[in-house]
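A.B. asks: Here are the chains, one letter per residue:
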Amino acid sequence: MYWQLTSSGHLPDEYDVAVIEGAATTGEHIETLRKVRETAAVVIALGTCAVTGGIPALAGTLDYDARYGVVYGDGIAVARGRQVPVPVTSVIAVDYQVPGCPIDPAEFVKVLSRALMGLKDAIPVDPMCAICKTEENICFLDQGKACLGLVTRTGCGAKCVSLSRPCTGCRGLSPEANLPAARRVYADKGLDPAELDRLFDLYNAAREVVL
Amino acid sequence: MFFRVIDKARLPDLVKGLATEYEVIAPIAKGEQFVYAAVTDPADMRLDYDTTLLPPKRFFFPSEETLMRFRVADNEVLDDEVYAAPRVLFGLHPCDINALLLMDNVFSGKYEDPYYLRRREQTLLIGISCTPSETCFCNVWDTNEVHWGFDVFLTDLGDRYFASCRTVKGAEILDRFVENRQVTDQDTTDFQSVVHGFKNSFKRVADTTQLPVLLDAKFDSPIWDEFGDRCLSCGACSMVCPTCYCFDVEDRLEPDQKSGVRVRTWDSCQFKEFAAVAHGQNFRESRASRVKYRYYHKQWGYLSKFERVLCVGCGRCARACPAGITPENVIAALQTGEVR
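So the protein lines, in turn, are chains A and B. 5 is the number of the first residue of the first sequence in my numbering; add one for each residue after it. 14 is the number of the first residue of the second sequence in my numbering; add one for each residue after it.
Possibly wrong hints are sitting among the right ones.
[As the list claims (entries may be wrong)] With a Cα cut of at most 20 Å, we get these calculated EDC-like pairs of lysine to aspartate or glutamate: (1) A:K114 to B:E45; (2) A:K193 to B:D264; (3) A:K149 to B:E45; (4) A:K114 to B:D264; (5) A:K124 to B:D264; (6) A:K124 to B:E45; (7) A:K124 to B:E263.
Just so you know, these hints were derived from the structure itself, not from any lab.
Make a model of the complete structure from these sequences and hints.
C.D. replies: This is the structure we're talking about:
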């Protein structure tokens, strides 16, 4: 196993499985990703930042340079080649994704097993409500509280809602999500439909660029 | 059937007695709603509940269960025992008992399901009378009454219960665990008064006239597109349905890939992958077709095979659907051609 943060050893020329965490935030990251894609048999994007851009991608929703100045001040030396943070999945094709902030280690083990066996990705595609119902959670929307489970990719077991926290969409948009219908649900429940999109930005500001 | 009368104040004795030999599952409060859960103290039971978040089907057909463990090298089955401890489900409403009878048709018969049936054998059912809630419409399908499928059914007469014993076992547990007496003419008169009052107290009346014909005749109706546009494809309706029985089966290998488990989980016909087959073909590609076939199966497909509709009017799907797609709306839309 090679892990650059923990070792200064020379990186190998080829990998069986490359597991990549984090959003790409510099030009160097982009180059590294492309190189990894060329030299790795299997690429796994691990965690929300790698899969959807996560919270870092929020930086790109308005004027990125101006925001940088607000946070770090003017004239501060910054990372060379910095750019709007983007998910790994928008730069290279990945073979498997493990979304979640934080990830579920059991899901990671399952994905890694699939990768080792050469099985294709089996990431769930449906929204969250079904599993939330099987957990017998009391629906936040029914209480007039915003929850993103109705459009978020399932697979976490609705852990947050089971712990009395509304879903914040950290697993990304379900490919089967019906966004117009979900906005209508918000309106029916007395919520602002625009709130759905605004809240969803927290982990999914870069959803337009995800491959 | 034979009958007993139990003083209301004595009911906890029955629960305590049952708890010495069975796991007792009964409705308890969860926030302002209710769930079935194991109880040891009868005071935790809420027999005044309206409905539960999940129906009792999960005690026979869990949302996730291991069917067997296997070894990869020689395909040997290591363990396929059905572990089912003796249980009592206490406080089921008529709709939910009727729902189990509908499930029985599917899990027994030509293809017996040992997992479901073993748990069914090991479980006593004690029903209780109810008061219709805002979303109840069991009266529409005549599932507000139940005549078999339970061991004891308790009808609340105010200060006492009129206990109908459907099985010998049901009469035995009453005689063993709770003080009871024979039924008098007055008890029967009061029973009649209560059940008539119940029957007349329903607020919901759906027009189900010739529903199977309408489903066929309006197969291409634009109402399905409208419901499809509204549907979130979240599957909440299937999960909370006491009669939805579809499941998925998956083999999960241990990380060492030497052994694994075969697991079955609840599935939903509202999921895109539900009808996907090899080569990428999908028989239910559109949301509209998935919503349509849900109703088609419940109100016509099952009816044509088992002479009952696959709905007991419990109202759980009406409560659970974030998008407000309810059987009442769908049936009304079929009658009028308009989606409200």
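A.B. asks: The structure should be examined with respect to each hint, and the outcome stated for every one.
C.D. replies: Going through the hints against the structure:
| no. | hint | result |
| --- | --- | --- |
| 1 | A:K114 to B:E45 | 37 Å, violated |
| 2 | A:K193 to B:D264 | 40 Å, violated |
| 3 | A:K149 to B:E45 | 16 Å, holds |
| 4 | A:K114 to B:D264 | 12 Å, holds |
| 5 | A:K124 to B:D264 | 14 Å, holds |
| 6 | A:K124 to B:E45 | 43 Å, violated |
| 7 | A:K124 to B:E263 | 14 Å, holds |
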